[in-house]
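Student: Based on the sequences and whatever the hints tell you, model everything.
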Amino acid sequence: MAFQGVDFYGIDDLLTDEEKLVRASVRRFVEAKIVPIIGKHYQEGSFPLELIPEFAELGLLGASLTGYGCAGMGAVAYGLATQELERGDSGIRSFCSVQSGLVMYPIWAFGSEAQKERYLPGMAGGTIIGCFGLTEPDFGSNPTGMLTRAERISGGGYRLNGTKRWITNATISDVCVVWAKLDGVVHGFLVPKGTPGLTTRKIEDKFSLRASVTGELILEDCELPEDAILPGVKGMKGPLSCLSQARYGIAWGAVGAAMSCYETALDYAGSRLQFGRPLSGFQLVQAKLVEMVSEITKAQLLALQMGRLKEAGKLRPAQISLAKRNNVKIALDIARVARDILGANGIMFEYPVGRHMMNLESVITYEGTHDIHTLIVGQDITGQAAFE
Amino acid sequence: MKILVPVKRVADPENANKVKVAPDGSRVTTDGLEWKINPFDEYAVEAALRLNENAKSAERLGETIVASIGGKDAAQTLRQTLAMGADRAVHILAEDDALDSFVVARALKAIVDKEQPDVVVMGKQAVDGDSNTAGQILGELLGWPVASFAASIETSDGGKSFIVGREVDTGVLKVKITAPCVITVDLRIVAPGSVKNGATPAEHAYGEGARYASLKGIMAAKKKPIDEQPLAGLGVDVTTTTKYTKFELPPARKGGAKFVADVNELVALLKSEAKVL
Numbered sequence: 001m002a003f004q005g006v007d008f009y010g011i012d013d014l015l016t017d018e019e020k021l022v023r024a025s026v027r028r029f030v031e032a033k034i035v036p037i038i039g040k041h042y043q044e045g046s047f048p049l050e051l052i053p054e055f056a057e058l059g060l061l062g063a064s065l066t067g068y069g070c071a072g073m074g075a076v077a078y079g080l081a082t083q084e085l086e087r088g089d090s091g092i093r094s095f096c097s098v099q100s101g102l103v104m105y106p107i108w109a110f111g112s113e114a115q116k117e118r119y120l121p122g123m124a125g126g127t128i129i130g131c132f133g134l135t136e137p138d139f140g141s142n143p144t145g146m147l148t149r150a151e152r153i154s155g156g157g158y159r160l161n162g163t164k165r166w167i168t169n170a171t172i173s174d175v176c177v178v179w180a181k182l183d184g185v186v187h188g189f190l191v192p193k194g195t196p197g198l199t200t201r202k203i204e205d206k207f208s209l210r211a212s213v214t215g216e217l218i219l220e221d222c223e224l225p226e227d228a229i230l231p232g233v234k235g236m237k238g239p240l241s242c243l244s245q246a247r248y249g250i251a252w253g254a255v256g257a258a259m260s261c262y263e264t265a266l267d268y269a270g271s272r273l274q275f276g277r278p279l280s281g282f283q284l285v286q287a288k289l290v291e292m293v294s295e296i297t298k299a300q301l302l303a304l305q306m307g308r309l310k311e312a313g314k315l316r317p318a319q320i321s322l323a324k325r326n327n328v329k330i331a332l333d334i335a336r337v338a339r340d341i342l343g344a345n346g347i348m349f350e351y352p353v354g355r356h357m358m359n360l361e362s363v364i365t366y367e368g369t370h371d372i373h374t375l376i377v378g379q380d381i382t383g384q385a386a387f388e
Numbered sequence: 001m002k003i004l005v006p007v008k009r010v011a012d013p014e015n016a017n018k019v020k021v022a023p024d025g026s027r028v029t030t031d032g033l034e035w036k037i038n039p040f041d042e043y044a045v046e047a048a049l050r051l052n053e054n055a056k057s058a059e060r061l062g063e064t065i066v067a068s069i070g071g072k073d074a075a076q077t078l079r080q081t082l083a084m085g086a087d088r089a090v091h092i093l094a095e096d097d098a099l100d101s102f103v104v105a106r107a108l109k110a111i112v113d114k115e116q117p118d119v120v121v122m123g124k125q126a127v128d129g130d131s132n133t134a135g136q137i138l139g140e141l142l143g144w145p146v147a148s149f150a151a152s153i154e155t156s157d158g159g160k161s162f163i164v165g166r167e168v169d170t171g172v173l174k175v176k177i178t179a180p181c182v183i184t185v186d187l188r189i190v191a192p193g194s195v196k197n198g199a200t201p202a203e204h205a206y207g208e209g210a211r212y213a214s215l216k217g218i219m220a221a222k223k224k225p226i227d228e229q230p231l232a233g234l235g236v237d238v239t240t241t242t243k244y245t246k247f248e249l250p251p252a253r254k255g256g257a258k259f260v261a262d263v264n265e266l267v268a269l270l271k272s273e274a275k276v277l
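Chains as they are written, first to last, in this note's numbering: chain B, 1 to 388; chain H, 1 to 277.
Keeping only pairs whose Cα atoms sit at most 25 Å apart, straight-line, the calculated DSS-like set for lysine-lysine is:
| hint | chain 1 | residue 1 | chain 2 | residue 2 |
| --- | --- | --- | --- | --- |
| 1 | H | K224 | B | K20 |
| 2 | H | K36 | B | K33 |
| 3 | H | K72 | B | K20 |
| 4 | B | K20 | H | K20 |
| 5 | H | K216 | B | K20 |
| 6 | H | K223 | B | K20 |
| 7 | H | K56 | H | K2 |
| 8 | H | K56 | B | K33 |
| 9 | B | K20 | H | K18 |
| 10 | H | K216 | B | K116 |
Residues from chain H that keep clear of chain B, each with C-beta distances beyond 10 Å, as calculated:
| hint | residue |
| --- | --- |
| 11 | V10 |
| 12 | A110 |
| 13 | A151 |
| 14 | A205 |
| 15 | K224 |
| 16 | V236 |
| 17 | L270 |
| 18 | V276 |
Bear in mind the hints are in silico, worked out from the structure with no lab data behind them.
Idealized CB from N, CA, C, for every residue including glycine.
Tutor: As structure tokens, then:
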């Protein structure tokens, strides 16, 4: 039977018909196209490139942006789409989050009209793939300390030097948004694939997000024309506003991974007999399942109100941090417990829980670690920054 | 060409165990049911969209109108078909209990009289009542030819007629019918090569099944018109012909013996319990 969703609290009544339709469409797509193939891609460590035209056709790329061939969806509808994608796999959701929130968004928000025309329609159409270069080998939680430098070239243009690491889509990208310091101030640069001085390297041997491409961008005297700079923003506000977009999607996506694990564990516990009755008839197992559905319900409401705040233009970054922090943590906990309920079968690729569990180890680290989000919320409520 | 596609929302067939009957057996209660578009109607929408497009150039070749007769929430079903690509919708407001195939067919005839489509493409039956009659009655009321159980549709004579493949016990029966006409579709109408309209290149590979409502389609559907009017306003006879006397759920399944010790026990059980020997 197809996935029916987890809705212990009648939260569906808070959604519009349009939002439910978006979820139904993406859910059906995930069931038909992602679920059957994702285990194999995960095992092989490959990203299903052949699905990119289908992401585009469905309208997933840049879905919440307006114009330039984008769908212009509301925040909650976009969140629900993200939830369904991550119910399939965090790596698939990561691809769409990076393309939409980290590459299309800064071009849409801070780019020149010529940059928007050049990139956005192709990115929405899936013919141009992007990546986002902020994190460096030695600067993760503290991106402000980045070493990547841009300098002006006499006669116009810029020369970039530096290394970006842990970059999703690095080796499959047609354009990289690279953040670099120009005269000590952070700026965004659009670096097309094939630019002399840009090399990319795939990071192999991951045990997490194996169905997603992760890599490095190495910039060695990489020379760019004058119009490569994003003119609309300077300072850390640029990359941080992108991260807000992506973290928003992650907070929703984690709920999807949690739902997948919960449903799998509930189903398994209902059919697996030990001592003459189903596992779900034992108090210890029930306690675990109740904890899961309880946390999922809270996470759903958190994500939904976050979405409503975003739609109203009232969402603050610290609120996104709270939701990302909470929802990814509960998803990881749920995945671990689901793995336990499945016993030995929990370690098999036949079931999605082990894959989600491994994936979520990345999700809890990227786009602001759990601890960094703790400190962002901590700063927000106390007025004191513990990390500066 | 102009195509009318009637659609109905039904209780989600994947959740059929949620269907409950009122204690007095007078009706099926709809509380807490998940609604979905009737699958055969969804296939009819897909078939109509394929007939009305050049899938290669994305050119639209005609208008596809969807219509539903039902309560307020049937609008969501119409919205879904608009999101798939239909152009506009007609929503006849009526309570489900006040409808049977005859009332539905008369209401559809009123819509046909007004819209003058070249063809009505509809599901062969709704999976709730499984009557498989509305399309045939509509054809009779209109005096139009009907091709039922269509597994394939091919336009012919420049869209003035259709060659319809019907799966019958002995194979595929091909009938040619002249527009205007009614075609009711079976599930294989959404196989990749089932609809040929002379515009979409023969080598174009459609996906298996009905298309998804894309996110852009869903946004676009918000702006497409739904013409809403009460059943009473159509000026048709709304007397039902079918009388429902009683509803009851199928008896709950009894747990049977799953494991038998030997063939003798199996044979004995097949005789005494299953009563098939």
